[in-house]
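Student: Read off the chains here:
There are 2 protein chains.
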Amino acid sequence: MKKMLRVDVSKGSVKMESMPAEYERLGGRGLSSTLLINEVDPMCEPLGPFNKLIIAPGILGGTMAPCCQRISVGGKSPLTGGIKEANSGGISAQKLGRLGIGAVVLEGRDPKALKVLYINKDGAKLVDAPELKGAGNYEISKILREKYGEHIGIASVGPVGENLQFSATVAFIDQDGVPARHAARGGLGSVMASRGVKAVVIDDAEVPKVVKAKDQESFRQTVKEFVAVIKARPRVKNRLPIYGTPGLVAFASEVNSFPTRNFSTGTFERVEKICGERLVELIDERGGQRGHSCYQGCIIGCSNVFNDKEGRHKTSSFEYETLCLLGSNLDIDDVDAIAEMDRMCDDMGIDTIELGGAMGVAMEAGVLKFGDVDGAIDAVRQTAEGTVLGRLLASGPAIVGKVLGIYRVAAIKGQGFPAWDPRTAWATGTTFMTTPMGADHTAGRLQGILEFDKMEPGFCGKLSSTMQAQVCTQDSVGLCQFSDGTPESVMYLARLLSAYFDEPWEPEDIVSLGQKIFRTEQKFNELAGLGKQFDRLPEFMLHEPLPPTNSLFGVDPAEIDSYFKDLKDV
Amino acid sequence: MKKMLRVDVSKGSVKMESMPAEYERLGGRGLSSTLLINEVDPMCEPLGPFNKLIIAPGILGGTMAPCCQRISVGGKSPLTGGIKEANSGGISAQKLGRLGIGAVVLEGRDPKALKVLYINKDGAKLVDAPELKGAGNYEISKILREKYGEHIGIASVGPVGENLQFSATVAFIDQDGVPARHAARGGLGSVMASRGVKAVVIDDAEVPKVVKAKDQESFRQTVKEFVAVIKARPRVKNRLPIYGTPGLVAFASEVNSFPTRNFSTGTFERVEKICGERLVELIDERGGQRGHSCYQGCIIGCSNVFNDKEGRHKTSSFEYETLCLLGSNLDIDDVDAIAEMDRMCDDMGIDTIELGGAMGVAMEAGVLKFGDVDGAIDAVRQTAEGTVLGRLLASGPAIVGKVLGIYRVAAIKGQGFPAWDPRTAWATGTTFMTTPMGADHTAGRLQGILEFDKMEPGFCGKLSSTMQAQVCTQDSVGLCQFSDGTPESVMYLARLLSAYFDEPWEPEDIVSLGQKIFRTEQKFNELAGLGKQFDRLPEFMLHEPLPPTNSLFGVDPAEIDSYFKDLKDV
Numbered sequence: 009m010k011k012m013l014r015v016d017v018s019k020g021s022v023k024m025e026s027m028p029a030e031y032e033r034l035g036g037r038g039l040s041s042t043l044l045i046n047e048v049d050p051m052c053e054p055l056g057p058f059n060k061l062i063i064a065p066g067i068l069g070g071t072m073a074p075c076c077q078r079i080s081v082g083g084k085s086p087l088t089g090g091i092k093e094a095n096s097g098g099i100s101a102q103k104l105g106r107l108g109i110g111a112v113v114l115e116g117r118d119p120k121a122l123k124v125l126y127i128n129k130d131g132a133k134l135v136d137a138p139e140l141k142g143a144g145n146y147e148i149s150k151i152l153r154e155k156y157g158e159h160i161g162i163a164s165v166g167p168v169g170e171n172l173q174f175s176a177t178v179a180f181i182d183q184d185g186v187p188a189r190h191a192a193r194g195g196l197g198s199v200m201a202s203r204g205v206k207a208v209v210i211d212d213a214e215v216p217k218v219v220k221a222k223d224q225e226s227f228r229q230t231v232k233e234f235v236a237v238i239k240a241r242p243r244v245k246n247r248l249p250i251y252g253t254p255g256l257v258a259f260a261s262e263v264n265s266f267p268t269r270n271f272s273t274g275t276f277e278r279v280e281k282i283c284g285e286r287l288v289e290l291i292d293e294r295g296g297q298r299g300h301s302c303y304q305g306c307i308i309g310c311s312n313v314f315n316d317k318e319g320r321h322k323t324s325s326f327e328y329e330t331l332c333l334l335g336s337n338l339d340i341d342d343v344d345a346i347a348e349m350d351r352m353c354d355d356m357g358i359d360t361i362e363l364g365g366a367m368g369v370a371m372e373a374g375v376l377k378f379g380d381v382d383g384a385i386d387a388v389r390q391t392a393e394g395t396v397l398g399r400l401l402a403s404g405p406a407i408v409g410k411v412l413g414i415y416r417v418a419a420i421k422g423q424g425f426p427a428w429d430p431r432t433a434w435a436t437g438t439t440f441m442t443t444p445m446g447a448d449h450t451a452g453r454l455q456g457i458l459e460f461d462k463m464e465p466g467f468c469g470k471l472s473s474t475m476q477a478q479v480c481t482q483d484s485v486g487l488c489q490f491s492d493g494t495p496e497s498v499m500y501l502a503r504l505l506s507a508y509f510d511e512p513w514e515p516e517d518i519v520s521l522g523q524k525i526f527r528t529e530q531k532f533n534e535l536a537g538l539g540k541q542f543d544r545l546p547e548f549m550l551h552e553p554l555p556p557t558n559s560l561f562g563v564d565p566a567e568i569d570s571y572f573k574d575l576k577d578v
Numbered sequence: 009m010k011k012m013l014r015v016d017v018s019k020g021s022v023k024m025e026s027m028p029a030e031y032e033r034l035g036g037r038g039l040s041s042t043l044l045i046n047e048v049d050p051m052c053e054p055l056g057p058f059n060k061l062i063i064a065p066g067i068l069g070g071t072m073a074p075c076c077q078r079i080s081v082g083g084k085s086p087l088t089g090g091i092k093e094a095n096s097g098g099i100s101a102q103k104l105g106r107l108g109i110g111a112v113v114l115e116g117r118d119p120k121a122l123k124v125l126y127i128n129k130d131g132a133k134l135v136d137a138p139e140l141k142g143a144g145n146y147e148i149s150k151i152l153r154e155k156y157g158e159h160i161g162i163a164s165v166g167p168v169g170e171n172l173q174f175s176a177t178v179a180f181i182d183q184d185g186v187p188a189r190h191a192a193r194g195g196l197g198s199v200m201a202s203r204g205v206k207a208v209v210i211d212d213a214e215v216p217k218v219v220k221a222k223d224q225e226s227f228r229q230t231v232k233e234f235v236a237v238i239k240a241r242p243r244v245k246n247r248l249p250i251y252g253t254p255g256l257v258a259f260a261s262e263v264n265s266f267p268t269r270n271f272s273t274g275t276f277e278r279v280e281k282i283c284g285e286r287l288v289e290l291i292d293e294r295g296g297q298r299g300h301s302c303y304q305g306c307i308i309g310c311s312n313v314f315n316d317k318e319g320r321h322k323t324s325s326f327e328y329e330t331l332c333l334l335g336s337n338l339d340i341d342d343v344d345a346i347a348e349m350d351r352m353c354d355d356m357g358i359d360t361i362e363l364g365g366a367m368g369v370a371m372e373a374g375v376l377k378f379g380d381v382d383g384a385i386d387a388v389r390q391t392a393e394g395t396v397l398g399r400l401l402a403s404g405p406a407i408v409g410k411v412l413g414i415y416r417v418a419a420i421k422g423q424g425f426p427a428w429d430p431r432t433a434w435a436t437g438t439t440f441m442t443t444p445m446g447a448d449h450t451a452g453r454l455q456g457i458l459e460f461d462k463m464e465p466g467f468c469g470k471l472s473s474t475m476q477a478q479v480c481t482q483d484s485v486g487l488c489q490f491s492d493g494t495p496e497s498v499m500y501l502a503r504l505l506s507a508y509f510d511e512p513w514e515p516e517d518i519v520s521l522g523q524k525i526f527r528t529e530q531k532f533n534e535l536a537g538l539g540k541q542f543d544r545l546p547e548f549m550l551h552e553p554l555p556p557t558n559s560l561f562g563v564d565p566a567e568i569d570s571y572f573k574d575l576k577d578v
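So the sequences go chain by chain: P and A. Counting along the first sequence from 1, when you hit position 145 you're at 153 in the numbering used here, and nothing is skipped either side. Counting along the second sequence from 1, when you hit position 557 you're at 565 in the numbering used here, and nothing is skipped either side.
Where hints are given, some of them may not hold.
It does not matter which identical chain is meant; a pair holds if it fits inside one copy or across any two.
Unchecked claim - Mimicking PhoX-like on lysine-lysine, the simulated pairs with C-alpha atoms at most 25 Å apart in a straight line are:
1. Lys573 to Lys531
2. Lys540 to Lys573
3. Lys573 to Lys524
4. Lys377 to Lys120
In short, the hints are calculated from the structure, not lab data. These numbers were taken from a predicted model, which means no experiment stands behind them.
Could you build all of it, start to finish, from the sequences and the hints given here?
Tutor: Rendered as structure tokens:
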């Protein structure tokens with residue numbers, strides 16, 4: 009039986025409890041969201057004393073199941089005012105799984121405490137860490153790995169989280185100890201910081217390396233088959249280990265869905281300077297790494313290590329979204345400058361999507377300048393320094409737009425848009441509108457589906473609602489989205505869970521699990537006051553055609569509502 | 009029959025229309041709110057092309073009815089995201105009434121145009137006014153009165169409105185030509201500016217001075233009786249013409265409901281330095297004026313003219329709310345400094361309540377300092393200069409709290425609290441929660457009713473809902489709230505409207521008119537996504553006792569909801 013760790017810094021309490029029966033078959037997002045609706049008042053102030061911050065590996069964290077080491081961070085989001093699950097790679101899910109811990113729940117409010125929560129085979133304790141005050145995630149990783157050993161996992165908040173900013177991340181180190189992985193969206197870093205925890209150290213020394221299923225023989229057989237299926241997928245064979253997510257840059261710009269200059273066009277004229285192909289050239293020239301894995305044992309390796317011109321490490325996990333939001337969206341084509349900003353964001357613990365969106369709006373307002381590399385880097389620096397401009401930018405594009413009087417702001421439920429423009433990517437736009445998370449690209453991956461959907465009425469609503477429920481399941485099992493995407497995955501997940509729990513799981517159970525989690529999250533948002541009026545695209549996107557193809561979003565909101573109403577009845 | 013003036017700067021169109029039949033018996037707030045729900049999508053972006061800005065005198069504007077020259081400004085509020093009516097004194101309702109204009113409706117979006125809309129007996133026209141770009145309301149008044157004569161009325165936006173800030177006002181000049189009167193709340197100045205209008209000039213030359221009722225004889229008789237009743241009221245006899253609204257300062261502090269240092273206590277230790285009695289001493293010493301009227305013919309004269317130490321005019325209409333929010337709330341006891349800030353706010357066109365609340369939060373965050381007079385004055389200056397700090401402060405306390413990570417923010421529906429703390433003023437707190445306007449002291453005046461209400465369950469909800477509907481009627485008739493407050497007013501209003509329209513109006517009609525307007529506004533907010541979750545006090549106020557009496561708000565939200573649910577059924 010798994011355990012749940014409850015920590016309240018304001019009371020100084022650390023309790024390791026048995027996982028309650030109602031949560032035994034949940035993990036990751038499903039566990040986090042269910043805990044939140046059961047224990048957190050949806051009306052509470054996200055940074056006040058009544059919110060909780062939950063860190064939960066997926067159900068299969070620590071097992072041999074392929075690509076199942078994602079970790080969920082949950083809480084009420086200060087950015088959206090709704091429920092939030094932000095998902096990350098790294099080595100921490102594996103280690104929490106090995107320790108038998110299904111969830112770490114941080115409670116109470118004590119924003120000045122900033123303790124280290126140390127977890128190992130013997131339990132957990134709070135440790136004073138005054139030396140970490142104001143520290144960036146790189147420094148935190150260095151100090152804590154020196155102190156506790158290089159085998160530990162770390163979840164931490166940088167200075168932007170300490171400043172209680174709405175775009176603060178929870179950073180997770182990868183297998184190199186680099187804080188390149190983030191539960192980035194929705195400002196959960198500020199929720200963690202306001203609970204009084206600066207870092208969580210997960211020390212899995214002296215525990216078995218593999219978590220066993222109840223029916224380990226059947227589990228092993230399913231793993232073997234699923235590994236082969238994943239490896240055979242074209243994108244896993246041909247794209248992800250070579251180009252990673254930046255492999256989408258050229259495609260997105262070509263189909264006019266690549267946000268450029270604060271979402272004023274979908275095609276970046278100098279895309280060849282920041283696309284995946286260019287990145288790979290530079291990585292190879294400079295002795296970086298492609299096909300990099302965020303944890304040991306990954307069979308995809310979508311990540312990368314990007315070095316500077318002198319061949320020194322600059323950043324890891326340099327992603328598509330960052331290349332767009334801190335690149336084309338700011339009219340910046342200098343990939344080294346974008347890499348510098350990516351590293352700074354990793355270090356300070358700030359969401360590159362939210363910050364890039366905010367800077368784009370500030371550029372439209374004339375407070376920053378499009379294409380001004382030095383100005384952009386300086387602005388990123390200010391987010392950690394806590395200047396008024398820095399603090400404003402670290403609040404995300406929705407707030408920047410309000411303060412600077414900008415009408416054209418790409419945000420839903422207060423959360424800035426990822427790097428897809430709904431005016432050409434209708435199905436993805438439908439997900440942005442309807443996910444309880446605010447505009448979120450991980451809530452229902454449909455980026456290949458473009459406006460030709462208009463040929464089939466109802467297509468976008470149906471597809472998005474199905475995908476969103478599917479993602480809820482993946483995020484609960486801990487399954488990386490890059491491994492998935494075909495109907496047979498549902499069957500493999502059913503077989504894996506059947507073997508893991510040694511009880512019958514049918515494909516329908518996998519589907520209904522996701523639907524139930526989605527419904528739980530919708531319910532939380534309804535209780536928090538986020539009704540269907542919050543499930544809408546920004547007004548300007550409905551009326552301003554997107555050059556150069558002059559596309560407009562063409563899905564009827566009423567039609568979308570009808571699909572999500574159905575899902576509410578689950 | 010009255011007329012409606014529709015102006016769209018983006019199309020260059022100016023149309024004088026007959027008032028549609030459905031609006032003939034409406035005026036002021038009732039007309040504005042009904043127009044908004046009929047013509048404006050509640051989901052629209054407040055500063056986008058689909059919002060409208062409505063300026064409407066009350067039904068009895070321009071008549072001889074006592075204290076009936078209030079003017080309403082309406083639109084969807086950028087600050088609250090809901091419907092907004094902000095109400096002002098001054099001379100403009102009278103002049104619009106004389107011109108037979110029931111509403112000026114500004115449509116379309118053209119934030120760079122900033123035209124003057126000139127209205128006189130012959131019609132209306134748009135005039136280029138490049139000389140007014142960036143001008144403050146004092147300068148606007150000077151320039152326009154020089155150009156068009158000293159008899160005109162003016163509604164204008166200062167630089168804070170031009171910057172499209174959420175606390176920008178629509179300023180109205182008083183009978184001295186001083187822009188001391190404001191439709192201050194909810195950022196309607198930015199809605200006006202984004203419609204492309206910098207100022208509206210109302211020239212009533214060569215029109216009859218008094219608007220006649222259909223049954224003028226009966227109207228005249230009722231006016232005579234009502235005047236006597238108003239003049240006999242104790243506060244009209246003893247308090248308002250001497251002390252004006254600042255006469256409440258000492259009382260509010262004594263009963264521990266006077267927000268001090270960002271709402272951290274309800275009693276200001278140095279209240280004697282900023283109270284009404286002190287103000288009157290200074291006014292008399294320096295040759296200022298008390299018992300001042302905002303328009304010619306007022307029988308109360310609640311206003312004042314406050315001079316500096318050299319006897320030169322500093323500010324007019326120096327009010328209770330300003331003395332608190334820019335005084336005690338900032339730990340400032342220097343009444344001349346507060347007067348200086350009041351003048352600056354009048355000039356720049358920024359709501360003193362919203363700005364004072366924002367500065368209090370910035371002081372709690374350490375960005376400004378409590379009690380720092382020079383720092384405070386400099387910060388006020390920055391709101392017009394458009395520095396990042398100035399722009400942030402001009403966005404109101406709710407946004408300042410989000411950006412600076414402050415938990416203790418006194419705001420409802422995004423609008424900052426007026427100068428009453430609900431932890432002692434329960435009935436007023438109930439109004440703050442439930443008015444569709446966001447925390448608003450003019451939505452249901454109950455400041456004399458303190459926490460002893462707890463003796464009677466249901467008292468606050470019942471009283472507040474009744475008062476709010478009553479205020480809706482007053483704001484539609486154009487009746488100043490200071491004239492009112494007794495049951496017999498309803499009877500006099502029924503008699504006045506009976507004579508004005510020459511048709512039977514019963515007291516029940518007066519009550520149901522207000523209820524219907526309130527319901528219309530609730531409906532708009534529901535459609536805009538502001539459900540009952542937005543009718544709540546800030547979390548910290550529910551848990552933090554208010555020193556020195558350690559009061560807590562004690563009205564059950566469910567009980568409050570039940571009263572406002574009843575009103576929804578009207």
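Student: All hints, please: hold or fail.
Tutor: How the hints compare with the structure:
When the C-alpha separation of lysine 573 and lysine 531 is checked against a cutoff of 25 Å, the pair qualifies both within a copy, at 12 Å, and between copies, at 22 Å. Both within a single protomer and between protomers do lysine 540 and lysine 573 lie at most 25 Å apart by alpha-carbon distance, with minima of 10 Å and 21 Å respectively. Proximity of lysine 573 to lysine 524 under the C-alpha cut-off of 25 Å is restricted to the intra-copy arrangement: shortest distance 13 Å within a copy versus 31 Å between copies. With identical chains, the CA atoms of lysine 377 and lysine 120 are at most 25 Å apart between copies only, with a shortest distance of 20 Å across copies and 35 Å within one.
Taken one by one, the earlier hints all hold for this structure without exception.
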